[in-house]
Amino acid sequence: MRVHRLRIKDFRGVDEHEVSFTEQGVTVVEGPNEVGKTSLAEALDLLFEAIPNSTAQDVRRVKPVDRDVGPEVEAEISTGPYRFTYRKRFLKDNLAELTVTEPRPENLSGREAHDRAEQILEETVDVALWKALRVRQGTAVKQAELADKHALSKALDDAAGASPIGDRELSLFEAAASEYDRYWTATGREKAPLKDVDAAVEGARAQVNGLEDRYRRLEADVERSDQVAGQLRDLRAQLPELAAKRDEWREKRAELERVQHVVGKADAEHKEAVQRLARVTEAKEARARLVERVAKEEARVEEARQAFDDAAPDLEPLELAAKEAPKTVEGVRREHASATREAQLRREDLDHLVERETLDRLERAWGRVDEARAAIKAQRAELAKVRITDEAVEAVREATLVVRGAEERLAEGGPRVEVVAHQPLDLVVDESERALAKGDAFEETIEDTLRLSAPGTLELVVSAGQSTEALRARRNEARATLERLLDEAGATDLDDALAQNERRRGIEAELARAQDRLASELDGRETDELEAELAAVRDRSRSYREQRVEEPPLPADAEAAREALKAADARVADAAGKLDVKERERDEAREALAAAKERLSRLDLEGQAAERALEQARHDLEVAREEAPDDAVEKAVEACQTELETRAAALAKAREREAALEPETVNARAENAERTHEKADAEVRELEKEQAALERSLRDREQEGLHEALDAARSALQHADGEATSVRRRADAAKLLYDVLTDEREKAKRAYAAPLAQRITALGSVLHGPDFGVELGEDLTVESRTLNGRTVPFEDLSTGAQEQLGLLARLACAQIVAADGGVPVILDDTLGYTDPSRLEAMGAVLSTAGRDCQIIVLTCMPDRYRHVGTAEVHRLR
Amino acid sequence: MRFIHTADWQLGMTRHFLDEGAQARFAEARTNAVRRIGKLARDEGASFVVVGGDAFDSNHVDRRTIVRALEALGDVPVPVFLLPGNHDPLNAASVYDSSTFRQRAPGNVHVLRDHEPVEVSAGIELVGAPWSTKRPLTDLVGDACSGLDPCPPGTHRVLVGHGAVDVGSPDATDPALIALDGLEAALDDGRVSFVALGDHHSTKAVGRSGRVWYAGSPEPTAFDEQDAGNVLLVDVGDDGVTVEPHRVATWRFVAHHVDVNGADDVARFGAWLEEHPDKDRTVLKLSFVGSVSLATKARLDGILEHARDVFAAVQLWKRHQDLVALPDDSDLERIQLSGFARAGMDRLRDLADAPVDEARTARDALGLLYRLAGGENA
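Protein sequences appear in the order of chains A and B. For the numbering used here, count along the first sequence from 1 and bump the result up by 6. For the numbering used here, count along the second sequence from 1 and bump the result up by 58.
There's no promise every hint is true.
[Stated by the list, open to error] If you want the ones that stay clear, here's a sample from chain B, every Cβ over 12 Å from chain A, calculated:
# : residue
1 : ASP101
2 : ASP155
3 : GLY205
[Unchecked claim] Listed below are several chain A residues computed to face chain B (Cβ distance under 7 Å; list not exhaustive):
# : residue
4 : THR191
5 : LEU712
6 : LEU747
7 : ARG751
[To be verified] Cross-link-like lysine-lysine pairs, in silico, DSS-like; alpha carbons within 30 Å at most:
#  : chain 1 : residue 1 : chain 2 : residue 2
8  : A       : LYS588    : A       : LYS197
9  : B       : LYS97     : B       : LYS337
10 : B       : LYS337    : A       : LYS201
11 : A       : LYS741    : B       : LYS192
12 : A       : LYS258    : A       : LYS685
13 : B       : LYS192    : A       : LYS695
14 : A       : LYS659    : A       : LYS271
15 : A       : LYS588    : A       : LYS572
16 : A       : LYS333    : A       : LYS588
17 : B       : LYS192    : A       : LYS197
18 : A       : LYS251    : A       : LYS741
19 : A       : LYS572    : A       : LYS584
Simulated from the structure, these hints should not be mistaken for lab results. C-beta atoms are modelled at their ideal positions from N, C-alpha and C, and glycine is treated no differently.
The task is simple: from the sequences and hints, build the whole structure.
Shown next as structure tokens:
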């Protein structure tokens, strides 16, 4: 199909406009929107779609707003073998004219023209594809819906080398799909027909199972019934024999019971005899016991009397002893008192004698006190005679030394005389003689003068002269001081002073010792006190001697007194011990007497009691004898023994008869026969009951017609089964057919998608270079684009890239279908999203595509399409 | 003395291959067989009818079955003697003791409840060997026979029994088998004149005497019955016994094998079907073996579809079924597929040829494709 020329008049804002298009290649129609370039695309649609008298919204929209005129469209078109001019006016002065020039002239108007035009179009053009390839303003980025477009499919099939598919194949597919749809869901699950037949089979099977169950029970009951009948027959046959046996044993048991009755009677009589014998024997024994009791009581009386008599003599010595004992006690007590008194005396003696010793000591002490006092008095008298003191001695010593010093200095300072004897010689030196042996020598210092004379021979006086004057004065002064001091001390010289002082010290020491002795004797007491004590002791001692008894004599000394006291104390203790013994003996004698008396009294009472008991026993015996004399009792026992023997013999005989009948065997067998019969009888009744129940139950079921019901149910199951198999077979066939067809169809689609992809890739290479590719989906839409090795899903591409791909796909389709007449590609202001750098390349793409098909570009942006080199440009004004 | 010997009526039997309507007609036909026997008795002057067991298919048949049977029996103009057989033994649930039977049995109907001889008329007596359980442990007929004295002169005795005879029985251990020797001895020494047996559904004489007979079912009940559908008209007299089978059946059971390898075979089979009389009382069991085109198969299916409407029942013999339908070139020409459809069909053809489980489904799918593509109308 080619659009050669399009004219619009009174169409929207356009008064009149006509555009011619290149048959093969790109026509770009430029013009601002309001000029109506979009109106051209719209006009082409209206021309074919709207009936001439249409007042549809689409039509009314294109009427000029300011004028009351009808919009008009005219196109010159060639398609297939046809070439025609088609004109329509809407709303006012409606008009439709179709002027066909090829293949043969036709002139039609009005509705006929419309219908014929539609017919031609449908015959030669895939309208759907045509519309799909159109890009309207603002829809640029959408992909064309290419799947199931007839012309495209056919073209693609041709391109893919497959044999052409037509309605036949498509309708077969539809039919297969709807067959599949009868049995299966889209996801392959079973639908009602399959489920229903399965359910029917299940239902029928349940029915059969139920009936078979009932049938089996019925059969089992019938069988059981037969069994019961057989058992009943057998048991009923056995019953009479069992009854006969039972009766036989009943008879034997009756006989046994009779014998056992006799045994019972004999046994009772025997027991009675035994009891009777026991009773009389007991009476006999009671009599014997009574007699024995009398004897025993008599013995006891005798015994009591004897005991009393035996005990009575014991009393007298006891009474005597009880009387003597206190007297003995008294004697001992006196003895004790005497010893005590003596001990007292001895104790006082001892005290006295001890005090006498004290007195002696005191006397002696008093003597020493006197002595000490005398010594003190004498020493004090001596001391009074001495004037010297320690200080005076010291002063003398000092003065002596001063004198000696002065003398020495005089000697040293004075002239010295040395004498040597050359032969023995007697000399007088200052009036003292001195004998010298040959060789002796001596020296002498001259204080004042020295007189040396050898009697008879010579006298030599040496004087010191003036040189020693001062020394002599000092010596004389010192001598004077010494003289005064010696005078004051009453001593002649230092040695005397020293000696006198020594004597004073001795006297003073002697005095101190005497004072010490006195103090020691007094021991802190005053002399008066000692004297008073001495006097008191002397008085007491004397007065004790004067008052004391004469006998026994006072012991010689304290030691003796102590001995005497010890002896006396021993006697006291002895007496006290003896007293205790005697007193105890006295008490014991008293108690023994009381006990003896008590015992006698008791024995007496016992004797009386025994006598009373004896009396009672005698009375009892007497009463018993009155009732039955002893020989009568004896005889009764004998009679009863005889009777018992008779009875025992009778019992033994009866038992023998019983044993002969074998009672255990008879009882056991009789019992067994009873039970056996009863059991059989009970079993018969039980079976009869069961039989009756079974019969009732079987009769109840007889109306059920189970046989036919079961057969019918089995038939139904078989039918259901057959039906299920057949339906399932049909369903499986439908599924297989559908699956296979779907699979093949997809395969085919994939096969003819290849040429389209190839075409798109070829066109895309112009735009993007050789490293461009696309993958198409089964619906022929672009799924992804691969560029420079990177594959991006379509929906993730930029809007511009999507737009370009959409355009490429449309152009590729148009190219593919071009050979078969093709359809024009009308692009209304596309590439709005494509950046300027790509626009140039897109121009090349459009040019390339334009070589195979008619492309009409409507735009208000002429720049976008400047690069379509081959384009014929038409400007709207 | 003339009487009718029949057996194995099996009233109350259902056949699963019959649909509901056919089943009703089948049942009716078998009840009516009783009336036809009555008519035969009247026509041929038989003085009584003896049924050798299994008059009922079970003791537990539907009440209506009993009632209808008794109605038909009432129409028989002569006494009818029924022997309880293995299907209707005289046990606790016996149909003959059912309240329906007891209340409704017409006066001419008698049940042989034991082997006490029954004098039917002057000079002829019946001795029954009834089954009282489904699994007897002895030869009931032999037992009935053993207590018999030789017939008094001028009297003829018919022994009525049920079960298989020991000669030629597949189950030799069954204690209930009827000893043929014993029967023949009894026939020989004159204790018995004729033995009327039931159990075997085909008419047949056993042994050398010619006096021991299975009457067979008056209407066929299965495909494997050799000669069902007869009753025996028996004459017993001083000069011997004559037995004459009479056909009373109205139904037929036909098993048929067809080799189909082309349209001609199908046409022949169609003709064979057409030739059948009484189609609504004919039960078919068919087996097909061969290989045909889809078109031929479609034609065969059409014929069978029609047969199902016409015949009492058409049963396919599954075990012997081996018909392969595959599209041939003419089929393909007829439906003229191209593109993916053609590819799909080719794939199915491959599958159908392959020895895989899917092959049958693939053949079904091909048939379906053929039908959906309009091949049958082309």
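For each hint, the structure was consulted:
In this structure B:ASP101 is separated from chain A by more than 12 Å, as the shortest Cβ-Cβ distance comes to about 32 Å. Residue-level check failed: B:ASP155 sits 8 Å from the nearest beta carbon of chain A, not beyond 12 Å. The beta carbon of B:GLY205 is kept farther than 12 Å from every beta carbon of chain A, the shortest such distance being approximately 19 Å. Contact between A:THR191 and chain B, as hinted, is not supported at the beta carbon level, the nearest pair being about 19 Å apart and thus beyond 7 Å.
Restraint check, A:LEU712 versus chain B: the minimum CB separation of about 4 Å is within 7 Å; hint holds. For A:LEU747, the suggested interface contact is upheld, since its CB lies about 4 Å from the closest CB of chain B, less than 7 Å. Annotation: A:ARG751 was flagged as interfacial toward chain B, and the flag holds, the nearest CB pair being 4 Å apart, inside 7 Å. Distance hint between A:LYS588 and A:LYS197 is unfulfilled; the C-alpha atoms sit about 143 Å from each other, more than 30 Å.
In summary, the hint linking B:LYS97 to B:LYS337 is supported, as the alpha carbons are separated by about 25 Å, within the 30 Å threshold. Using a Cα cut-off of 30 Å, the hinted pair B:LYS337 and A:LYS201 is violated, with the two alpha carbons roughly 35 Å apart. Of the pairs offered as hints, the one joining A:LYS741 and B:LYS192 is violated, with about 51 Å between alpha carbons and a cut-off of 30 Å exceeded. Taken as a hint, the A:LYS258 and A:LYS685 pair is honoured in the structure, with Cα atoms around 21 Å apart against an allowance of 30 Å.
The straight-line distance between the Cα atoms of B:LYS192 and A:LYS695 is roughly 24 Å, inside the 30 Å bound, and the hint therefore holds. Annotation: proposed proximity of A:LYS659 to A:LYS271 holds, straight-line Cα distance about 12 Å (limit 30 Å). This hinted pair checks out: A:LYS588 and A:LYS572 have alpha carbons roughly 24 Å apart, not beyond 30 Å. Between A:LYS333 and A:LYS588 the CA atoms are separated by roughly 10 Å; this keeps the pair inside 30 Å, and the hint holds.
Proposed proximity of B:LYS192 and A:LYS197 is contradicted: the alpha carbons are some 47 Å apart, above 30 Å. Annotation: proposed proximity of A:LYS251 to A:LYS741 is violated, straight-line Cα distance about 85 Å (limit 30 Å). For the suggested pair A:LYS572 and A:LYS584, the alpha carbons sit about 18 Å apart, so the restraint of at most 30 Å is met.
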